[in-house]
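So the protein lines, in turn, are chains U and V. Under the working numbering, think of the first position of the first sequence as 10, with each following residue one higher. Under the working numbering, think of the first position of the second sequence as 113, with each following residue one higher.
By construction, these hints were calculated from the structure, which means they are not laboratory data. Worth double-checking, as some hints may not be accurate.
[Unchecked claim] Restricting the straight-line Cα-Cα distance to at most 25 Å, the calculated cross-link-like pairs of lysine-lysine (PhoX-like) are:
no., chain 1, residue 1, chain 2, residue 2
1, V, Lys209, U, Lys98
2, U, Lys94, V, Lys279
3, V, Lys209, V, Lys279
4, U, Lys30, V, Lys279
5, U, Lys94, V, Lys275
6, V, Lys279, V, Lys174
7, U, Lys98, V, Lys279
8, U, Lys30, V, Lys139
9, U, Lys98, V, Lys210
10, V, Lys275, V, Lys286
11, V, Lys275, U, Lys98
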Amino acid sequence: MIADTAIVHHAHDIPHASAGKYVQIASILFLLTAMEVLLYEVCFGHLREGMGSFSVALAPHFVSVLLILSAMKFWFVAMFYMHLKFDIKILSWLFGFSLMIAFVVICALFVLFTYNRTLWWWSGTW
Amino acid sequence: MTAAVLDHDSAHAHEEHHTSLPVNSRKLAIWTFIGSECMFFASLITTFVIYRDSHAKGPGPKDVFGVPLVTAGTAVLLFSSFFVVMALNGAQQGNRKKLLTWLTLTVLCGMFFVGMQVYEFTHFVHEGMGYTTNLFASSFFTLTGFHGTHVAIGTLWLGTLLKDAYKGRIPPTKAVNLEIAALYWHFVDVVWIIIFPVVYLMSLGR
Numbered sequence: 010m011i012a013d014t015a016i017v018h019h020a021h022d023i024p025h026a027s028a029g030k031y032v033q034i035a036s037i038l039f040l041l042t043a044m045e046v047l048l049y050e051v052c053f054g055h056l057r058e059g060m061g062s063f064s065v066a067l068a069p070h071f072v073s074v075l076l077i078l079s080a081m082k083f084w085f086v087a088m089f090y091m092h093l094k095f096d097i098k099i100l101s102w103l104f105g106f107s108l109m110i111a112f113v114v115i116c117a118l119f120v121l122f123t124y125n126r127t128l129w130w131w132s133g134t135w
Numbered sequence: 113m114t115a116a117v118l119d120h121d122s123a124h125a126h127e128e129h130h131t132s133l134p135v136n137s138r139k140l141a142i143w144t145f146i147g148s149e150c151m152f153f154a155s156l157i158t159t160f161v162i163y164r165d166s167h168a169k170g171p172g173p174k175d176v177f178g179v180p181l182v183t184a185g186t187a188v189l190l191f192s193s194f195f196v197v198m199a200l201n202g203a204q205q206g207n208r209k210k211l212l213t214w215l216t217l218t219v220l221c222g223m224f225f226v227g228m229q230v231y232e233f234t235h236f237v238h239e240g241m242g243y244t245t246n247l248f249a250s251s252f253f254t255l256t257g258f259h260g261t262h263v264a265i266g267t268l269w270l271g272t273l274l275k276d277a278y279k280g281r282i283p284p285t286k287a288v289n290l291e292i293a294a295l296y297w298h299f300v301d302v303v304w305i306i307i308f309p310v311v312y313l314m315s316l317g318r
């Protein structure tokens, strides 16, 4: 379906999505953001009391659902607005490799902090 | 002779930069830069998550954060990403009116977002949360401040392209100039897509 809507602007250019496809992606991104805010309102905000047991059941999954919604938004922007879906694959590999190193940085920081906190705790300064 | 050299340089400046890769070298450069920025923001976001609860002195997230204003800022930034791809679409089609309209809206969205962040920071300082109040405040201001600076730089960059577009200096053959700026702008949007739930919603929902 995406290939059908893709248009080529110049002979040497990579085909990008059509304006209609961009509108679709914008609607999806807006919907996902609305879901994020709604999720917060249901679990911890103004809708919490009205939703009763549903809020209680949903609250433990708040972080994981939020991360999934964010990952979906990230994917849509990177693939369609940043044209990774249509561009040469080396750019996707470059971005993917950067994200992988970023993930290693995140893990390293968590490990370092946990290690230091344990040391401080054992030395009695925490 | 000098004029001849200048003409020669000018002609070269408008030529495609051929590389052994089948991709525009400036596009490859901006993607490499975006890659380095991923690591930069990954470290800042992780630092915030680590120090999120370090607010024994001074206000914490639940005392200062508000969802409505930040949601509005998020929506504006998301719309600006849509506006800039529409502007790029106009530039590639040679539709000057479309390019100018959407690019103007993008710049306005960028200005709104920076304004929102300035208002938010001012509000937090009035609430007693300065940069050195506690580790939570320091990591929050560092992360969102760097992001805001990126938005401000992107707004200025797109502003200069808007000026060029207004003077008719972005024909379809030079649409890649806008595409490169748009890539940077989308990256700034992608970073906010992570900051909004991780920094604001998760801190409030704990």
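Hints, verified against the model:
no. : hint                : in the structure
1   : V:Lys209 / U:Lys98  : 33 Å, violated
2   : U:Lys94 / V:Lys279  : 32 Å, violated
3   : V:Lys209 / V:Lys279 : 12 Å, holds
4   : U:Lys30 / V:Lys279  : 29 Å, violated
5   : U:Lys94 / V:Lys275  : 30 Å, violated
6   : V:Lys279 / V:Lys174 : 48 Å, violated
7   : U:Lys98 / V:Lys279  : 35 Å, violated
8   : U:Lys30 / V:Lys139  : 23 Å, holds
9   : U:Lys98 / V:Lys210  : 30 Å, violated
10  : V:Lys275 / V:Lys286 : 14 Å, holds
11  : V:Lys275 / U:Lys98  : 33 Å, violated
Checked against the numbered hints above, the structure breaks hints 1, 2, 4, 5, 6, 7, 9 and 11 and satisfies the rest.
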